[in-house]
Amino acid sequence: MWNRLKILRAERDWSQAELGGRLGVSRQAINAIETGKHDPSLPLAFKIARLFAMPIEEIFSDVEQAGSDD
Amino acid sequence: MSNKQAVMTKGPGERAETVRRRNYTLMVAGFMVLGAITGAIFTAQGAHIEGLSPLAAIAVAASLMVVMPLGSWYFLRHVDELEIRINLVASAWALNFYALAYPVWYVLWKGHLVREPSHEILFLATVVVMSVIYLWKKARA
Numbered sequence: 403m404w405n406r407l408k409i410l411r412a413e414r415d416w417s418q419a420e421l422g423g424r425l426g427v428s429r430q431a432i433n434a435i436e437t438g439k440h441d442p443s444l445p446l447a448f449k450i451a452r453l454f455a456m457p458i459e460e461i462f463s464d465v466e467q468a469g470s471d472d
Numbered sequence: 043m044s045n046k047q048a049v050m051t052k053g054p055g056e057r058a059e060t061v062r063r064r065n066y067t068l069m070v071a072g073f074m075v076l077g078a079i080t081g082a083i084f085t086a087q088g089a090h091i092e093g094l095s096p097l098a099a100i101a102v103a104a105s106l107m108v109v110m111p112l113g114s115w116y117f118l119r120h121v122d123e124l125e126i127r128i129n130l131v132a133s134a135w136a137l138n139f140y141a142l143a144y145p146v147w148y149v150l151w152k153g154h155l156v157r158e159p160s161h162e163i164l165f166l167a168t169v170v171v172m173s174v175i176y177l178w179k180k181a182r183a
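So the protein sequences, as listed, match chains Y and U.
So for the first sequence, the working numbering puts the first residue at 403; every next one is plus one.
So for the second sequence, the working numbering puts the first residue at 43; every next one is plus one.
What the hints contain is simulated information worked out from the structure, not anything from laboratory work.
Each hint should be verified, as a subset may be incorrect.
Taking lysine-lysine pairs in the BS3-like style, the calculated list, with each CA pair at most 25 Å apart, reads [claimed, not checked]:
1. Y:408 - U:180
2. U:180 - Y:439
3. Y:439 - Y:408
4. Y:449 - U:52
5. Y:408 - U:52
6. U:179 - Y:439
7. Y:449 - U:180
8. U:179 - Y:408
9. Y:408 - Y:449
10. Y:449 - Y:439
Counterexamples of contact, computed for chain U against chain Y with all Cβ distances above 10 Å [as the list claims (entries may be wrong)]:
11. 64
12. 76
13. 78
14. 81
15. 94
16. 107
17. 108
18. 119
19. 138
20. 140
21. 141
22. 148
23. 150
24. 152
25. 153
26. 168
Partial list, computed: chain Y residues near chain U (C-beta under 7 Å) [unchecked claim]:
27. 420
28. 424
29. 439
30. 443
Each residue gets a CB set at the ideal place from its N, CA and C atoms; glycine is no exception.
Working from the sequences, and respecting the hints, build out all of it.
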């Protein structure tokens with residue numbers, strides 16, 4: 403699954419550990435989500451959406467959105 | 043910058059992550075110490091050579107039946123979803139390994155090709171498979 407987590411995190415100048423701590427998951431889990439090695443559960447996806455105050459579909463997508471952040 | 047200053051400049055998320063990692067390390071270290079103590083007692087008693095008395099066998103079996111499920115439950119309640127997934131994948135590989143290895147060895151034994159299946163070897167091999175898969179998945183995550 404494609405996601406904008408790394409971009410959103412960078413915009414806030416947060417480390418992976420910082421984001422993980424705010425979400426209650428490990429730094430490794432954030433890295434796995436960002437690199438597409440782990441798809442978050444729905445509860446975690448909702449938590450991420452709440453943290454960034456955005457709809458889930460603006461963070462996660464089942465298709466790669468090339469250039470959408472330009 | 044000293045360690046103390048570095049901790050002070052961490053955000054709330056990083057501080058929470060530091061606490062989570064410390065708790066995780068303590069929990070895993072606790073399980074390892076418990077396992078080492080159990081193994082040492084078992085070895086010191088010479089249980090693998092002479093066997094246990096019925097009372098000692100009941101005590102060890104009852105302890106395992108309490109400690110293992112409770113330990114697993116506690117562990118899975120206090121780790122994140124990635125850790126749970128890695129544990130489940132490693133467990134599934136180990137179960138499939140055992141479900142394949144035992145009947146294959148059993149059939150070969152019945153065909154008088156190999157010696158009778160060894161419970162200790164099968165158990166240890168299953169634990170090794172689970173550990174290797176766990177470490178492999180953990181390293182790749």
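So which of the earlier hints does this model not fit? none
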